[in-house]
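There are 2 protein chains.
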Amino acid sequence: MAHSVDLVEVWRGDLLECLHQGHAVVCDDTGQIVEAWGDPTALIYPRSSCKMVQALPLLESGAGAHLSDEQLALACASHNGAAIHTDRVQAWLGDLGLTDDDFRCGPQMPNDKDARYGLIRAFEEPCQVHNNCSGKHAGFLTLSKHLGAGPDYDQIDHPVQQACKAAFEEVTQETSPMFGIDGCSAPNHACTLHGLARAMAFFASAHDRSDARSQAAVRLARAMSAFPELVAGETRACTELMRAIDGNVAIKTGAEGVFIAIIPEKRLGVALKIADGATRASECAIAAILVRLGVLDPAHPATVARMQPPIHNRRDIVTGQIRPVAALR
Amino acid sequence: MAHSVDLVEVWRGDLLECLHQGHAVVCDDTGQIVEAWGDPTALIYPRSSCKMVQALPLLESGAGAHLSDEQLALACASHNGAAIHTDRVQAWLGDLGLTDDDFRCGPQMPNDKDARYGLIRAFEEPCQVHNNCSGKHAGFLTLSKHLGAGPDYDQIDHPVQQACKAAFEEVTQETSPMFGIDGCSAPNHACTLHGLARAMAFFASAHDRSDARSQAAVRLARAMSAFPELVAGETRACTELMRAIDGNVAIKTGAEGVFIAIIPEKRLGVALKIADGATRASECAIAAILVRLGVLDPAHPATVARMQPPIHNRRDIVTGQIRPVAALR
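Taken in order, these protein sequences are the chains called C and V.
Numbers given in the working numbering equal positions in the first sequence, counted from 1, plus 973.
Numbers given in the working numbering equal positions in the second sequence, counted from 1, plus 973.
Bear in mind the hints are in silico, worked out from the structure with no lab data behind them.
What you are looking at is a predicted structure, and each value in this text was computed from that prediction instead of being measured.
Check the hints yourself; a few may be wrong.
[As the list claims (entries may be wrong)] What the simulated footprint calls covered on chain V by chain C, stretch by stretch (three residues with Cβ under 8 Å from a Cβ of chain C suffice, anywhere in the stretch; the number is not a length): (1) 988-1000; (2) 1032-1046; (3) 1166-1180; (4) 1269-1283.
[To be verified] In silico contact screen, one side only, chain C against chain V (beta carbon under 10 Å); selected entries: (5) V983; (6) W984; (7) D987; (8) L988; (9) E990; (10) H993; (11) Q994; (12) L1016; (13) C1106; (14) D1155; (15) A1251; (16) D1289; (17) V1291; (18) T1292; (19) R1296.
We put the beta carbon where it would ideally sit given N, CA and C, even for glycine.
Just need the whole structure built from these sequences, with the hints factored in.
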C-alpha cells in the first residue's frame, strides 16, 4: 500500500490515543494537483463516494430525463433509510412498475433511529429499499429499463455496469486496473486518489461546458447540494456539512474512509482516503480541507462536530478530542 | 506516537483496501520480551483490557472474599448487557443494598440483540446496569463499601481508585505518567505496551507464587477462562476465542484497538494496540498471535472468524477478507 501520512489524531486526556493515516488530493479542472498529503498515486476503491459518477449514464442516456432533483440526489445517496428516503425510493420503484424484489442491493437495517425502532417494534425485517444504496439502485433499474436490458443489473457485463465503467474511466482519466464488489453488490472500480479528485474536478467545472456529460454532472452535483438531507440524513456528516456550506458544494462519503468534495465556485475536486478505513477520521479530514479551502466556516457547529469533536463518555463527560494534524489545518 | 508497523490487512477483491498498523509484545514472567512487533515502549491506555488488574484490590483487600467466580468474571468483563450479565450484576447490587443510581458508569444500550430489542419494544431506556462495565463497577462498589469510603468511587483520589492505581503500577512495574477518563468514567492509567504485557505475565505466572496478590490474580484469570460468556457474550471475540482454546488462557479486549492474553501454561503475557483503534484489527492480531504461540487451533471456526474472516456484503456475497500480515503468521 502506498506510503500514507498522519492526518487525524485522537486524544484522550494528555495522551495521543490513536492516529489515523491516509492520503488526500485537491485537484483543479486541468487535472493538476493543487495540494496533496500522502501519495496521490495510491490505488483505492472510491466506494460510495463515486455514486454521482455511477449516475452519469442515467442522465446522459436520456433514461433519467423525467427524474426530479430529489430523485437524482437519492441516486447519489448513501441514505439513512429514513421515511423521507424510503418513501421516495418506493414511489420511484412504483413508477418503474417494479417491486422491492427487483433490487439487487440486499436488505439493511436503517441507520435512522425512528425507522429502525419502527421495524423492531413491528417485528419486521428491513427490505432492500432500506439499503443505503437503494436510490442508486433505483437509478440502475431506470437505466436498465431504458436500455431494455436484463434484471441482473449488478453484474459487471450488464449494459448498466458497462456504461458506469466507461463513465468512471473517462472522468477519472484512468484505465481501472480492477474492480471489487461493493456492499450493495454493484461493481466498484479502483482508481488512484488523483484520478478520483480529477473526476470531482470534472464535476466542479462542468458548468463551463455544454456537452451532455457535463450537463449531467451539473444536474447531479446541484441536486446533491440542493437536497443534503436526501444524500445522507439527519445527524450525518454529508448532510450537516452541506447545509453549513454557503454555496453549491457537494460532498460525499464512501465506505472504508473515503470522502470527496466538488467545489464549483473554485473549480476544484477533492478526494481523500483514510488508510485504516475509519469514518471518524475521513469526516474530520474533509471538514479540515473544506475549511482550509475557505468554503466551510470553522466556527459553524457542524464543522466543529466533525473537525474537532469532543469525545463524550456514557455520562456525557468530555474525555478527549478528535482533531486534524497541523498539516491539514 | 511511537513508530507502528503493519499488522492487519483488509482485502477487497485483488486490492489491499485498508491497512491497520500497531504494536504487539509477548513477555515472559521475568519481564523479558519474547517477541515484539512495532515499539514495545509505545505509551497507551489499556482501557478495558486491564479490568483484571483493576479487580486485584477487590480480592487482596478481602472485600471480595465471598464473591463467586461468576461475579469475578463479571468484574473483569466488557459484557454485552444480555440478561445473563445484567441479572447477575443486578443481584450483586442488591446484595450490597444498592440500586442502579449508585453506579457511576452511565447508561448504555446493550450490545446483545435480544436485550436491545426488548428495551426498544418496551419503549424503555437502558440503565447503568446495561453498561458493559457494570460488573467492574459492582466490584468497585464492593471494595468501596468494605473500605467505608464515599459514593464517588470513580474519582481519582477515592480510596478505590488509589488502590487500583497502586496495583496497576506494581504489576506493570512502571510509574504511570498520566491517566485518562474511560468511557465508564473510571480513571484509566497509561503505561507502555511492554508494561501491559508484563502485567499479563504476572497473571500468567501467579500460580507459582503464594502471596495475596498472586492468589488474587490466579482466581481472576481462572474466573475469566471458566466463564467466557460472562466476560463478553455470544458472538464476541473474547467469548468465542476463550471457548476455542483448550486450557486456562484468559483474553480481554479494550477500547481503541487493545487486546491482552494471559497464558498460564506458558507463563506468557501478551499485549497489543492497533494504532488507529480498530477492533476488527485487534481481534485479528490477537487470534494470529495465539495461533503463533500454539494455544489456538488455526482451523477452529472461531479462529477463522477472527483471524481471517471473509467480508460479506448485504446479499451475503463474499467481497473480501481480513488477514494478519506475514510477520504475525
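Going down the list of hints, with the structure as the test:
no.	hint	in the structure
1	988-1000	holds (count 7)
2	1032-1046	violated (count 0)
3	1166-1180	violated (count 0)
4	1269-1283	violated (count 0)
5	V983	holds, 7 Å
6	W984	holds, 9 Å
7	D987	holds, 5 Å
8	L988	holds, 5 Å
9	E990	holds, 6 Å
10	H993	holds, 5 Å
11	Q994	holds, 8 Å
12	L1016	holds, 6 Å
13	C1106	holds, 9 Å
14	D1155	holds, 7 Å
15	A1251	holds, 6 Å
16	D1289	holds, 8 Å
17	V1291	holds, 8 Å
18	T1292	holds, 4 Å
19	R1296	violated, 14 Å
When each numbered hint is compared with the structure, violations occur for hints 2, 3, 4, 19.
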